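The listed protein sequences derive, respectively, from chains H and R.
Position one of the first sequence corresponds to residue 1 (my numbering), numbered consecutively onward.
Position one of the second sequence corresponds to residue 1 (my numbering), numbered consecutively onward.
Simulated from the structure, these hints should not be mistaken for laboratory data.
None of these values were measured; they are calculated from a predicted model.
A couple of the hints might just be wrong.
20 Å max Cα-Cα, derived SDA-like pairs, lysine to any residue [to be verified]:
hint, chain 1, residue 1, chain 2, residue 2
1, R, K53, H, V217
2, R, K48, H, V189
3, H, K3, R, H49
4, H, K3, R, Q47
Short, incomplete list of chain H residues facing chain R, as computed with Cβ under 8 Å [said to hold, decoys possible]:
hint, residue
5, L9
6, S33
7, F36
8, L37
9, S38
10, R39
11, A42
12, G59
13, Y60
14, E65
15, L190
16, R191
17, L192
18, A260
Cβ atoms here follow ideal geometry from the backbone N, Cα and C, with glycine treated the same way.
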Amino acid sequence: MPKTKANGLTFHYQQAGDGPDVVLIHGLTGDLSIWFLSRTLAALAENFRATAYDLRGHGYSDAPETGYTSLDHARDLLALLDVLKIRRARLVGHSFGAVVAAHAAVIAPERVEALILSDPYFPSLRHLEDLSRWGHWQNFRKEAEEAGVQLSVDTWYDLTTFFDQVLHLDDQRMLAFRRAVGLPGLNRVLRLAQTTCGADSKLEAGLDANSIAQISVPCLALYGEHSPFLSTADHLVSNLPHCRGRRIPGAQHRAPEEAAGAFVAAVREFLEDLEPVAQRDTCS
Amino acid sequence: MILDDLRAIFRDGLNVDPIEPITPETRFFADLGLASIDAVVLGEELQKHYGRKLPFSEMLAELGEREERDMTIGELVAFLQQNL
Chain H
1 MPKTKANGLT
11 FHYQQAGDGP
21 DVVLIHGLTG
31 DLSIWFLSRT
41 LAALAENFRA
51 TAYDLRGHGY
61 SDAPETGYTS
71 LDHARDLLAL
81 LDVLKIRRAR
91 LVGHSFGAVV
101 AAHAAVIAPE
111 RVEALILSDP
121 YFPSLRHLED
131 LSRWGHWQNF
141 RKEAEEAGVQ
151 LSVDTWYDLT
161 TFFDQVLHLD
171 DQRMLAFRRA
181 VGLPGLNRVL
191 RLAQTTCGAD
201 SKLEAGLDAN
211 SIAQISVPCL
221 ALYGEHSPFL
231 STADHLVSNL
241 PHCRGRRIPG
251 AQHRAPEEAA
261 GAFVAAVREF
271 LEDLEPVAQR
281 DTCS
Chain R
1 MILDDLRAIF
11 RDGLNVDPIE
21 PITPETRFFA
31 DLGLASIDAV
41 VLGEELQKHY
51 GRKLPFSEML
61 AELGEREERD
71 MTIGELVAFL
81 QQNL
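Here chain R stands alone, though its shape is the one from the complex (with noise of 0.2 Å):
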């Protein structure tokens, strides 16, 4: 399951293991305290844990372009549904 796989790529990629366990509400920003250079080094992390490109730079991209320059984990997961 893609929340699963987060929840471990948070915990050994980025060293990120909240008391509150991760849900789809989660915000990168706002609740985990990730600044946008661990969204660049997660982007990497899950290409290398899919073993593929994923068009993360337009997201990233999308991400600069927003009022709340936040996301939540349940996008992410709908990120990951869409392109694997």
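Same shape as in the complex, but just chain H (with noise of 0.2 Å):
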């Protein structure tokens, strides 16, 4: 499998096709494997140098104790864009992937085309939603608590509580929590729990909402028609100078799981509209 050294660590990544680059980034305990069983690789494939990687922590990358910001994410991608040679990419992130692609923006507007955030939730703009109604994360607290795990209506974005206690668990009521919950590489979640990535993600990290709002690549705000950060797509779109909003019908947080086709068919139709990157290379 592809692995690269960036930033310090081993990261695995997968590329395929050929022309513009465009960058694909998994949410939290997720991996780049979403983006197989989404077909968005290979569909990207067919007009673009499509490259997908494992987050820290995640898939097959190293998983330092430390360094899980948004902003030590970002570090690693622009690291990885160096040693794969991509001078600059259209970054589509999902999740806190989302998350990662504005950080990068923001740090090193240079090297980022366009964005397409998919479903992000900013630990600046948390005052923005009211959390109690995410269905997805009431279900799963409902599963987890028939399993042994106690999570609280206003954690659900606290990964430390909901680690902590995983990594707390006896055998037999481990075996429960994974059956109730399928959660599949349950190995990779508890390595996951033992770095800082659930404290760290909440954090701002010096992503506040000013430097959000001066993001002004073209930037898609894809969400999820039931999506709980609704108020969030709707601030992307007014306070983002040139950021457009689209919903997906259907789908809740997780597009590119729940309505793959129609997540796939919005990426490639923003992605495919853009002003070709080639001309505005060779004046630079």
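Need the complex rebuilt from these two chains, each delivered in its own frame; the hints are there to steer you.
Next up, the structure:
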């Protein structure tokens, strides 16, 4: 499997196709397989060089103990672009992956051609959302509770609490927990639980409301029709200079899984409509 | 035999060597405790082992469309029989 060193860590990545670069960034506790299962990588490979990678702590990439803020991940991404000789890329991030993409656009705007933000929730925009309405979290909570893991209504975003309790389950409860929530690859979740990922991903790490509002590359705020984060979606469209909004019918927070066909179509349409990048490159 | 090949690839490529031997009924996720990322890596290992391109992306995309996101080793054997 293709692996490379970047920012002092080993990253697992996958590449397909030829053309302008698109980089796909998965969310917390996920991995790059989402881009295979949703057919995103194969579809984009028809017109682009599509690159997907596992974030630190995830999939087949290294899992250092610390360094899991969106800023740390954005630095990993930029180092990875260097190693793979990608000068500028269109970034597609899902959930926390979109926060990482946005952070990269803030610290290195010259490397980012355009952004697709799929259902992110930003720590600095937390005040916009009432998360007790998030059905997905409520269901997960119920299933976890039946298996002995207690999560409060408002710690939905608090991976620390979640990880901490899962780490302390005895064998029998661990088995029950795995069955109940159907977490595949539980060992990888446990590996991540021993890092600062839970706490770090709650931090703004410099990505405050002002810096988000200054992201001026073409941007698509792509949210599930029933996403718990629609106030964030509206905020992005109103506050970023070149941000369009689009909703995926029927989807909640996980459009790439819940409505893969519509998700991929929306991503392609936005990326393929962008002004060709080659011309601008030769001028600079 | 493909099933023996698979057992070796699971053991050497994915570090999976279950106490219960892998049979055609064994499920990739529910029984072996693997995740979809392991299926991506398995696809590469299989291509390396057989020295040819396999339509593994297509198989993963098809898996993504299933209600029960799982596949049996028997299905994997059938996939290989069709494509080798």
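These are the hints, each one checked on the structure:
no.	hint	verdict
1	R/K53 / H/V217	violated, 38 Å
2	R/K48 / H/V189	violated, 28 Å
3	H/K3 / R/H49	holds, 19 Å
4	H/K3 / R/Q47	holds, 17 Å
5	L9	violated, 17 Å
6	S33	holds, 4 Å
7	F36	holds, 4 Å
8	L37	holds, 3 Å
9	S38	holds, 6 Å
10	R39	holds, 4 Å
11	A42	holds, 5 Å
12	G59	holds, 5 Å
13	Y60	holds, 7 Å
14	E65	violated, 21 Å
15	L190	violated, 12 Å
16	R191	violated, 12 Å
17	L192	violated, 12 Å
18	A260	holds, 6 Å
In this structure, the hints that do not hold are numbers 1, 2, 5, 14, 15, 16 and 17, in rising order.
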